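Please arrange chain P on chain A, whose structure you already have, making use of the hints.
The chain contents come next:
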Amino acid sequence: MNDGAPPITAELVVFVILAAGTIGGALMTITRRNPVTAVMSLVATFFALAGIYATINAHFVAILQILVYAGAIMVLFIFVVMILNRDEVQLFSFKGILTRVIGVVAAGYVSYLGAWVVWDQRAMPNPTGALLRGGLTDPPVGYGTVAGVGSSLFREFVFPFEAISLLLLVAIVGGLIVSRSQHQTDMAEGRARHIRDIQAQSHPEIKLLPDGRPADDDGHAAAGHH
Amino acid sequence: MPTFNYLILSFILFLIGTTGVILRRNALIVLMSIELQLNAGNLAFLAFARALGDQKGNVFTFFVIALAAAEAAVGLAILVGIFRTRQTVNLDEVTLMKR
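Sequence lines, in order, name chains A and P.
For the first sequence, our numbering assigns the number 260 to the initial residue and increments by one for each residue that follows.
For the second sequence, our numbering assigns the number 3 to the initial residue and increments by one for each residue that follows.
These are computed hints drawn from the structure, not numbers from a lab.
As the structure is a prediction and not an experimental result, all values here were calculated from the model.
No residue lacks a Cβ here, since even glycine has one placed at the ideal position from N, Cα and C.
Hints may contain errors.
Facing chain A, from chain P, some residues (calculated, C-beta under 8 Å) [to be verified]:
| id | residue |
| --- | --- |
| 1 | 9 |
| 2 | 20 |
| 3 | 24 |
| 4 | 39 |
| 5 | 43 |
| 6 | 52 |
| 7 | 53 |
| 8 | 57 |
| 9 | 91 |
Isolated chain A, as found in the complex:
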């Protein structure tokens, strides 16, 4: 790279265009006042990134990026923006700015160190340097396709895959419970009480515990399957 300007190839042109789209979209995302504009810029960012993924043979991930990120996650964001839509008067927060300046300096220093290590390694005559400097060679057959990634996913990574499905289930249930309002909780309890009252009137011989299980004569939970 240091021996003059790199040759301008079609690959480089496409990369520069997509990278400009990615960075521009990301900057728009964090500077727009209106959250809807920010979400739309983020969608544009994700599309440009999907293009970059496609150029480095990660076809499956590129499709996932559009389907899951630009499709599902961003729709979720749009819904919440519509619930909470309020334009901000003051865009950036400067409360407790000292603490955050320290945070920025610390984060900046760590980023600088990380970037410096990579920059340094790039010039080294070792495998890492060769990896960083080297152009992208032809990938193995089937690299990045649905079949290729799927076979790796279900052969080597079955347990992480199942764990991530469990995580998604927990996230769905957790999201439902956290976003549930007090009103809805009260309504549900009111309905349960109502059902218990009807039960008590129509079948007074069956006593129910407060949680709805049938009780025996002593007022304890009845044995058996209920």
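Quick look at chain P alone, frame taken from chain A:
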């Protein structure tokens, strides 16, 4: 084209995301900035996977995308909950644990 270019893009994307997380007031934008950071990580994973010709990076990106979906679901639910009780999603106004 060297792998290094992709790393530069990933680094810039991560810096933009970090700036958003640290400086913005609106919690929604902060969540979006976290998505940007996750995508920067994804890009680095994919660039190295491609350079090494190893598909494991693609699988990890798949996991990160699933994780981002879970994070967005729970984070947005928490935001809706905060908005219900406090009528704001500005992070510097949600200071109940400060006093």
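Status of the residue 20 of chain P interface restraint (C-beta, 8 Å, chain A) = 6 Å, holds
With a cut-off of 8 Å, does the beta carbon of residue 57 of chain P approach a beta carbon of chain A closely enough for the hint to hold?
-> 5 Å, holds
Tell me if residue 24 of chain P is really an interface residue toward chain A, meaning its C-beta lies closer than 8 Å to one of theirs.
-> 6 Å, holds
Chain A contact restraint for residue 52 of chain P - C-beta distance below 8 Å = It holds, given that the least Cβ distance between residue 52 of chain P and chain A is near 4 Å, below 8 Å.
At a threshold of 8 Å, is the proposed contact between residue 53 of chain P and chain A supported by beta-carbon distances?
-> 5 Å, holds
Does residue 43 of chain P pass the interface hint, meaning its C-beta sits closer than 8 Å to a C-beta of chain A?
-> 12 Å, violated
Answer holds if the nearest beta-carbon of chain A is closer than 8 Å to that of residue 9 of chain P; otherwise answer violated.
-> The hint holds - residue 9 of chain P has a Cβ within 8 Å of chain A, the shortest such distance being about 6 Å.
Cut-off 8 Å, beta-carbon criterion: hint that residue 39 of chain P touches chain A | With a minimum Cβ separation of about 10 Å from chain A (threshold 8 Å), the hint on residue 39 of chain P is violated.
Cut-off 8 Å, beta-carbon criterion: hint that residue 91 of chain P touches chain A = 5 Å, holds
The structure fails to meet hints 4, 5 from the earlier list, while all remaining hints are met.
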